[in-house]
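Novice: Assemble chain U onto chain C, guided by the hints.
Spelled out, the chains give:
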Amino acid sequence: MTDASINTHTLETEASFGDYVALLKPRVMSLVVFTALVGLLAAPVGVHPMIGFASILFIAVGAGASGALNMWWDADIDAVMKRTAKRPVPAGKVAPGEALAVGVALSGFAVVMLALASNLVAAGLLAFTILFYAVVYTMWLKRWTPQNIVIGGAAGAFPPMIGWAVATGGIGLESVLMFLLIFMWTPPHFWALALFMNADYEKAGVPMLTVTHGRRVTRNHILAYTVLLAPLAVGTAFTSIGGPVYLAVSLVLNGLFLLGAWRIWRRDEDVSQADKYKVEKSFFGLSLLYLFLHFGAILLEAALRPYGLGGWG
Amino acid sequence: MSFRATHELHRRRAGRNIGLALVLLAFIAIVFGLTVVKVTSGDPMQAFDHVSRPEMATGGTAVQGD
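Going down the list, the protein sequences come from chains C and U.
Residue numbers for the first sequence follow our numbering, so the first one is 56 and each next one is one higher.
Residue numbers for the second sequence follow our numbering, so the first one is 2 and each next one is one higher.
Just chain C, with the same shape it has in the complex (with noise of 0.2 Å):
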């Protein structure tokens, strides 16, 4: 008997490094790297571009390892949504320990590595980011109020402020403004999705806003939280991380936005399920848009600002 033998059982499901990649979610760290870059570009200091990679780097392993742990302690539920069912544990690729293990690790790494290369504010800020991400939205909040998703949405709102806190060291009108044009955008962002992928959430028992309260109180929320999002987007325009050509992409795309969520509004389910929930789509569609622009703009913005270009000044 030799003693790879010992462990023949395990052999299927080692995992590759790329399922500790797809543990730590690449494509919602892309969006995390974005907003953290532009928050960081936008801020009236700025730092050394080595110091500004290595904060966006951490800030990013920060949010990856939230990312792990949500998958750790969600398992049960992601191997019931088809959307979701590949995901390294509940496809038995990872050990759901290995996820907790590589959570917990990669969340202490990035705080204190982030606090060594930027500030303690940027730290404080990724680590009260994690915990509310892993525990108060994962944990507690996702399987227990249809308004999962709004509370929840405010950690993925974090990462520009913290980029923000990385150049300046502190918290700004501007910082909590692009805070809040993410807060405000992921209710319709993700009830849009749950209109047109409901039976899904259903399976797994998450109480989504059209589980529990039905879609025609889906479709109203969809339309206040737009209306209220618009002002916000538009008004950030006229602080200094604003401009004319921010003004402008904001202008154009709350239009479009607001468009969205009325005709959204306008229909009932009949309609809906006749045309394979098209008008849905195609607003979650512009939903994925509207915020890449909003940010872009912004960081048009900032890198006109040398040239004496950007801003009202």
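Think of the hints as simulated: they come from the structure by calculation, not from any bench.
Think of the CB as a built atom: it goes at the ideal place given N, C-alpha and C, for glycine as much as any other residue.
Please note that a few of the clues may not be correct.
Counterexamples of contact, computed for chain C against chain U with all Cβ distances above 12 Å [to be verified]: (1) Pro-104; (2) Ile-106; (3) Met-168; (4) Ser-173; (5) Ile-206; (6) Pro-262; (7) Val-266; (8) Asn-275; (9) Gly-290; (10) Asp-323; (11) Ala-329; (12) Val-334; (13) Gly-368.
Computed, partial: chain U to chain C, Cβ under 10 Å [said to hold, decoys possible]: (14) Leu-10; (15) Arg-12; (16) Arg-13; (17) Arg-14; (18) Arg-17; (19) Asn-18; (20) Gly-20; (21) Leu-21; (22) Leu-26; (23) Phe-28; (24) Ile-29; (25) Ile-31; (26) Lys-39; (27) His-51.
Specialist: Chain U only, in chain C's frame:
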């Protein structure tokens, strides 16, 4: 001479080891880069070396002697 055929598992393990090695190397490079930046972009630094240098003293009164 090989006694055992290479299993798909061995490839997966090798990939994991190489991946981890690259991650660790990248981490070393980042910490080195950060150190260089932090040390060179800080204020001028002087350490105590048994020589009297009044400009190091805070408050302008304390002077290291003999």
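Novice: Look at each hint and say if it fits the structure.
Specialist: Structure-based check of each hint:
1. Pro-104: violated, 9 Å
2. Ile-106: Label violated. Min Cβ-Cβ 6 Å, cutoff 12 Å.
3. Met-168: For Met-168(C), whose nearest Cβ neighbour in chain U is about 8 Å away, the distance does not exceed 12 Å, so it is violated.
4. Ser-173: violated, 10 Å
5. Ile-206: Non-interface label on Ile-206(C) holds, nearest chain U Cβ at 34 Å vs cutoff 12 Å.
6. Pro-262: Pro-262(C) is indeed farther than 12 Å from all Cβ atoms of chain U, at 38 Å.
7. Val-266: Check passes; 39 Å lies beyond 12 Å.
8. Asn-275: At about 47 Å from chain U, Asn-275(C) clears the 12 Å cut-off, so the statement holds.
9. Gly-290: Non-interface label on Gly-290(C) holds, nearest chain U Cβ at 36 Å vs cutoff 12 Å.
10. Asp-323: holds, 51 Å
11. Ala-329: The claim stands: Ala-329(C) keeps its Cβ more than 12 Å from every Cβ of chain U (closest is about 48 Å).
12. Val-334: Answer for Val-334(C): holds, closest chain U Cβ roughly 43 Å.
13. Gly-368: Non-interface label on Gly-368(C) holds, nearest chain U Cβ at 28 Å vs cutoff 12 Å.
14. Leu-10: Holds, about 5 Å.
15. Arg-12: holds, 9 Å
16. Arg-13: Result: holds, 5 Å to nearest chain C Cβ.
17. Arg-14: holds, 7 Å
18. Arg-17: Because about 5 Å separates Arg-17(U) from the closest Cβ in chain C, which is inside the 10 Å limit, the hint holds.
19. Asn-18: holds, 9 Å
20. Gly-20: holds, 3 Å
21. Leu-21: holds, 7 Å
22. Leu-26: violated, 14 Å
23. Phe-28: OK, holds: Phe-28(U) within 10 Å of chain C, min 9 Å.
24. Ile-29: Constraint on Ile-29(U) not satisfied, violated at 13 Å.
25. Ile-31: holds, 5 Å
26. Lys-39: Holds, because the Cβ-Cβ distance from Lys-39(U) to chain C comes to roughly 8 Å (cut-off 10 Å).
27. His-51: violated, 31 Å
The earlier numbered hints that this structure contradicts are 1, 2, 3, 4, 22, 24 and 27.
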